[in-house]
Amino acid sequence: MLNFTLLKKSHILFLLVILIYGCSHEPQLKVYKKFRIVMDTVVTITVVSPSEKDAETAINAAFSVIERLDKSLSVFSPDSEISKINKSAGVDFVKVSEDTYQLINAAIKIAQVSDGAFDPTIGPIVNLWDFVKKVKPHPDKIRDRLSLVNYKDVLFDDSDMSVKLKNKGMALDLGGIAKGFAADKAVLSLKTSGIKAGIVACAGDIKVFGKKPDMKNWLVGIRSPRGKPEDLNAVLSLNDLAVSTSGDYERYFIINDIRYHHLLDPKTGSPAIGFQSVSIVNTQGVNTDSLSTAVFVLGPQKGLELVNKMKLMAYMVYSDGSVYVTDNLKELIVPMDK
Amino acid sequence: MNLDFLKSATIYDIILFALLLILSLFGMVYVYGGSANQGDRVVIDVNNIQAYDLPIDNDKVITQGNMIIEIKGKKVRVKDADCPNKLCVKQGWIVSGSIICLPNKVVIMIKKNIENSIKTDAVSG
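Line by line, the protein sequences give chains A and B. Mapping to this note's numbering: the first sequence position 276 is 276, numbers consecutive. Mapping to this note's numbering: the second sequence position 13 is 13, numbers consecutive.
Source of the hints: derived by calculation from the structure; they are not laboratory data. Since the structure is predicted, the reported quantities are computational estimates derived from the model, not experimental observations. Incorrect hints may appear among the rest.
As the list claims (entries may be wrong) - Just so you have them, the derived chain A footprint on chain B, three or more residues with Cβ under 8 Å:
1) 65-75
2) 99-112
Said to hold, decoys possible - Estimated spans, in silico, between C-beta atoms of each pair:
3) L146(A) to K72(B): 30 to 40 Å
4) G65(B) to K309(A): 43 to 53 Å
5) Y252(A) to N48(B): 23 to 33 Å
6) K75(B) to L146(A): 31 to 41 Å
No residue lacks a Cβ here, since even glycine has one placed at the ideal position from N, Cα and C.
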């Protein structure tokens, strides 16, 4: 015969288990992912959410933020705020939106700390090169335009958030900072929508926040510069961090065994030498995007000086394929087979 | 918790208790672990709108605008395209990840189950 007292207690225990389980059981978290072509690249947004509908609403709102930024910042759109500033170079101040004003300010700060290795006024030089049609400009043409590249000639009027380029012919190009900035803003939008974890990847400019449903960090690969797009050099375990990589394999052409790539040195107007790729990890995408370019352009020696000075987390692949990883980044690297 | 009552437990009590515990644990595993396990799909977006969602197991050739996309032997490639630098064609066959043709605004992505596929969640570079 069963001991009924114990049976009752078993029931109580069973109910307790159910109760504890019931209290701890939240709706199942899932990963939702969407991508769109925007900012002339593929932007992928990944979120963790208990609801597909909430995830979709949040992702769409974040994409709207990026699309709005693209409209303001694109040099290809004649109506963008950047195009208006460029058209008014040497003539007038142009009133811009808060985001654009904030971004141009951020770009100038990075230009200052990198002593012009990153320079948002590199537009006149960028316009000379065409990496699709393999156009390598004549050195005289480059020389003529170098005087137009100087971040110190960007003038601000804080009273009405307007910007002016001092000299005619100057042109802003925020291609080296806008995607990281967009990733920051998109993450902010996702958080405002109530999303607790996710990734915004504007091509190689990636920002992650929160943790995956299994409570593990997000794993972000660093592409191998000379491998296939899916070949990785390293995998980083990230939480609430951004990472950007500037590589000489993104847009380039080769003539007589010389690789001409899009990471142009504002001081020479030609592709920077010394690295195959530079990846920077930081809390802000606006910093990782611009500083990966700055370090790349500075080259191995001065680049490392900047990395050390700013205590940046960096993964650098030199021209000969050798790799240097800063100590503060090593702990974020996970074995490739994980 | 006072566990004195365990001293007077019979074998039936223990069996009953174990059964209840197993049942409740099984329920938890079922709820947390149960999800559909679909095969890999080839998803093709054109101008940010999904144009195709195809099983990777079925060989197929798709003409999308001036692009020819081929699915064969559980692999995908852009066989031909009219874009200037033909990076999409040069990428060759893929078994994971994506092929992107920016001039044609076409993204071809191999979509796998989150549970069985992700080694990395994103790639910088």
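Query raised in the report: Under a C-beta cut-off of less than 8 Å, do 3 or more residues of the region 99-112 of chain B approach chain A closely enough to confirm the stated coverage?
Result: Holds: 5 residues of the region 99-112 of chain B have a Cβ under 8 Å from chain A.
Query raised in the report: Is the distance from the Cβ of L146(A) to the Cβ of K72(B) consistent with 30 to 40 Å?
Result: Given about 51 Å between the Cβ atoms, the range is violated.
Query raised in the report: Does the hinted range 23 to 33 Å hold for Y252(A) and N48(B) at CB?
Result: 27 Å, holds
Query raised in the report: CB of G65(B) to CB of K309(A), is that within 43 to 53 Å?
Result: 50 Å, holds
Report task. Hint says 31 to 41 Å; check whether the CB-CB distance for K75(B) and L146(A) agrees. Result -> Given about 47 Å between the Cβ atoms, the range is violated.
Query raised in the report: Checking C-beta pairs, does the region 65-75 of chain B have three or more residues closer than 8 Å to chain A?
Result: violated (count 0)
Checked against the numbered hints above, the structure violates hints 1, 3, 6; every other hint is satisfied.
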